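> Residue-level listing of the chains:
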Amino acid sequence: MAGAVASVGSSATSAFAARTNKKGTGKMTYWNHFTGAPERAAFAETTEAFKKASPAIDADIQTVTNDDWMAKYIASTTAKSGPDAVMIDVTRFTDMLRIGGLRDITTYNKQWPGKDAVAGDTPAFSFNRKVYGVPFFTFIDWTYYRKDMFEAAGIKKEPTTLEEFRAAAIACTNPSKGQYGFAMRGGSGGGGFIVNVLHAYNGSLMSPSFKATLSLDAAVEAMRFWVNLAVKDKAVVPTVATDGYAQIFSNFYTGKAAMVMHHGGSFIDVGKNLKYGSEVMTLARPNGPKGQLGFQAPLANGVFQHTKNPDAAFEYASFLGSPAAQTTFLKGTGYFPTSTDAAKDKFIADNRQFDTAVASLKTLPKTYTFPGLTAWRDLTCLPEFQKCLTGSQTPEGAAKVIVERLNTVAKAAAAANRKYYSDNRGK
Amino acid sequence: MSTRTALPPKKRKSPYRGFHSILEGKYFAWVLLVPSLVLVVTFIFYPLYRGIYLSFTRTVLLEGPGSTFIGLENFRQMFKDSLFLLATKNTLIFMVVGLITQLALGLAAAMLLSQDRKYIGLIRVLVVLPWFTPPVVTAYMWRFILDQNSGVLIKMLESVGISFGPAGLWSNPDLAIYAVLFVDLWASYPFFMLFLLAGIQGIPKDMRESTSVDGASSWQHFRYVILPLISPVIVVSSILGVIHLINSPTLVLLMTNGGPGDSTTVLPLLAFQVAFQMYDFGYSSAISVAVLAAIAGFAMVYIRFARFGKED
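Protein chains in written order, with full-length UniProt numbering: chain D, 1 to 427; chain U, 1 to 312.
These are computed hints drawn from the structure, not numbers from a lab.
Quick caveat, the model's predicted, so the values are computed rather than measured.
The calculated SDA-like cross-link candidates involving lysine to any residue, where the alpha carbons are at most 25 Å apart (straight line), are:
#1 D:Lys362 x D:Asp345
#2 D:Lys419 x U:Phe56
#3 D:Lys256 x U:Leu157
#4 D:Lys232 x U:Asn172
#5 D:Lys80 x U:Val41
#6 D:Lys23 x D:Ala56
Using the sequences plus the hints, can you model the full thing?
Shown next, in the form of C-alpha cells:
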C-alpha cells in the first residue's frame with residue numbers, strides 16, 4: 001500500500017513538473033458520490049498522494065450520496081457557492097452542464113500534459129467544442145456468474161446472447177432450494193437496466209440531434225423479455241421489484257442467484273466474497289437483436305462554475321486523471337482506467353477476469369447522455385417496469401408509456417438545446 | 001437704539017437625545033422587533049413568496065436560467081396529472097392512518113408512563129429513543145429488519161405462519177405504504193407520548209382521589225377527566241403530527257422511493273422528484289403550495305372543530 005502511495009505521488013509530481021497551468025494553492029473542496037468501502041479507501045490513498053504532489057493545496061474530499069447529489073448540486077449552483085471540483089457521472093453530464101454548475105476547462109485542459117492519455121473519453125464530457133471534465137475511469141458493464149451453480153446446472157458454454165442468457169437463468173433456477181438464475185435489479189438503480197434492454201432490442205434510442213428513435217415494437221419486445229424473465233420464467237429472485245445493489249449482491253454471494261449484472265467497480269468486492277476462477281467468473285454482457293445489453297460509461301471530474309479557486313480545482317481533477325491515480329483506483333476497486341497508460345498496468349494482465357472488460361471495451365456502446373435522461377430512466381422506465389412485476393401494468397402498456405415519455409423528453413431536449421446554443425452563442 | 005432682550009441660557013444638547021427619544025417614543029416596540037422581523041422576512045416570508053411566485057411560472061432548469069409567468073397553468077396541469085392524484089390519495093392514507101395510530105399508541109404509552117413506578121425515568125428515556133434516531137438510520141435499519149430474504153422480523157413472522165409471499169412486504173404495492181407507516185409509527189409515537197405525558201402530569205393527582213371517592217372507574221376517570229383536560233395538548237400535537245406526516249418524505253424516499261411502481265409516492269416526494277430529478281421547479285412549487293394550503297386548511301378546520309382555546 002505504501003509503495004502504491006509513493007508511486008502515485010512521484011509520478012504525479014513529475015507530471016505536474018511539465019505543466020504550464022498555474023499551480024493551485026489554498027483550500028480546495030471536492031464532491032464525489034462514492035460511498036463504498038473500497039472506493040473510500042482508494043480516495044484516502046489518492047488524497048494522501050495528492051497532498052504530497054501538491055502540498056500548497058488543502059484538499060477537502062466530501063461525499064454527497066447519489067440520492068442527494070442533484071439537489072445539493074442545484075442548490076450550490078443557484079447559490080453560486082459550493083465545492084471547487086465535482087465528480088461528473090456521464091449520464092448526468094448534460095443535466096449538470098445545462099443547470100450551469102460546470103466550468104469550461106478547455107484552456108486548462110490544453111495546457112495539461114496528461115490530456116492525450118485520456119483523450120478517448122474527453123469528448124463524452126465536451127459540448128460545443130468546450131471541455132468540462134477530465135476523464136477518471138470507465139464503468140464497463142459485465143456479468144458475474146457462479147461457476148459452481150453453472151456446473152450444477154450442466155451449463156458448459158457461457159451465454160453470449162439474450163436467449164442463451166435466459167436459458168442459463170432458467171437452468172440454474174430451483175425454487176424448492178431457494179435458487180434462482182438471476183439477481184435482477186428492479187429496485188433502486190434498476191432503471192439503467194431497462195435502458196440497457198431497450199437499447200439491446202432497438203439499437204440507438206436517441207439521435208445526436210435529440211430525436212427519439214425508440215420504436216414501439218422494439219420497446220414491447222424488450223419489456224416482454226425483461227418482465228417475463230421474472231414473471232413467466234420465474235428465473236429471477238422474487239423480491240426483484242425492490243432489490244437494489246445491496247440485495248442483488250447479497251443474493252449472489254449467498255448462492256440464491258447464479259448471475260448478477262454490474263460493472264467492473266464491484267470487482268474487488270466480489271473477490272473478497274467469492275474466489276475468482278473456482279467460484280465466480282466474469283462474462284461479457286449478452287447480445288440482443290440490435291445491440292449488446294450494457295454500456296461503457298466514463299466518469300470524470302470537473303471544476304465548479306462558481307469556484308474561487310479554479311487552479312486548485314483543476315489541479316485536483318487532473319491529478320485524478322493521471323495514470324498513477326487511476327491505477328490506484330483500479331487496484332482498489334476494479335474501476336477500469338480511462339488513461340491509455342494506466343490501462344497497460346500489469347494488474348489488468350494478471351487478472352484474467354479483466355479480459356472480459358478489455359474485450360467489452362471494443363464492443364460495448366458508449367452510454368447515453370442527453371438532457372432529461374436520468375428523469376426518464378428513474379421516474380418512467382423503472383416505475384413502469386415495477387408495475388409490470390406487481391401485475392398492475394402489462395409490458396405492452398409499459399412500453400407505450402416509455403416510448404411516449406421518451407418522445408416528450410427528446411422534444412424538450414431539442415428545444416433546450418436550441419435555447420442553450422442561442423444563449424451561449426459567442427461565449 | 002435697539003433693545004436687546006436677554007435670551008434664556010442655551011440648553012446644552014445631550015448627545016444621546018435622539019437615542020432617548022427612540023427609547024421613549026411610540027416606535028420603541030418596533031425597534032425591538034427589527035432583528036426578529038429581519039429574520040422572519042429573510043427565512044420565512046421571502047422563501048414563501050418565492051415558492052408561491054415560482055408556482056405561477058414555468059421554471060425548468062434544463063431550459064436555462066429564468067422563469068416565464070404562466071398564471072395557473074401548473075395548477076391546471078396538477079389536476080390532470082394522474083400521478084399527482086395518486087400521490088394525494090397516498091398522502092391522505094399516510095396522514096389519516098399515521099395520525100390515528102401514532103396518537104393512539106402515544107396516548108397509551110403516556111398513560112402507562114404517567115404512573116409512579118421504580119425506574120420510570122429510565123423507561124421513559126428508553127421509550128423515547130426511536131424519536132432520537134436519525135431518519136436515515138431508522139429507514140435502513142427497518143428496511144433490513146423487514147427484508148424478505150434476511151429480515152429478522154419477517155423470519156419471526158414466518159415462523160408463526162404469517163407470510164407476505166415470496167416477493168415480500170416491500171414488493172407488494174398494496175402493503176408497502178403500510179410498512180412505511182409501521183416504521184413511522186415506531187419512530188414518531190414518542191413525539192405524541194412526550195406531549196401527552198406532559199399534559200397528563202399537569203393534572204392534579206387529587207382529582208383521581210376525588211373521582212375514586214365518587215365511585216368512578218379508571219375508564220370513567222380517563223374518559224371524563226383526563227381526556228377533556230388534555231384535549232388542547234391532543235389538538236396541538238395532532239396538528240404538529242399532521243405537518244410532520246405530510247411534510248417528511250424522508251422515510252418514503254429512503255425505504256421505497258415511491259415504489260414499487262408509484263404505489264408509495266406521496267406529495268412531498270413527488271415535489272422533490274419533480275424539482276430535483278425533472279428540474280421543473282415551477283410545477284414542483286405548485287405541488288408544494290397545494291400541500292401548504294391543505295395543511296393550513298386542515299389546521300384551521302381542526303382547531304375550529306376542536307374548539308381549541310374556548311371554555312365550555
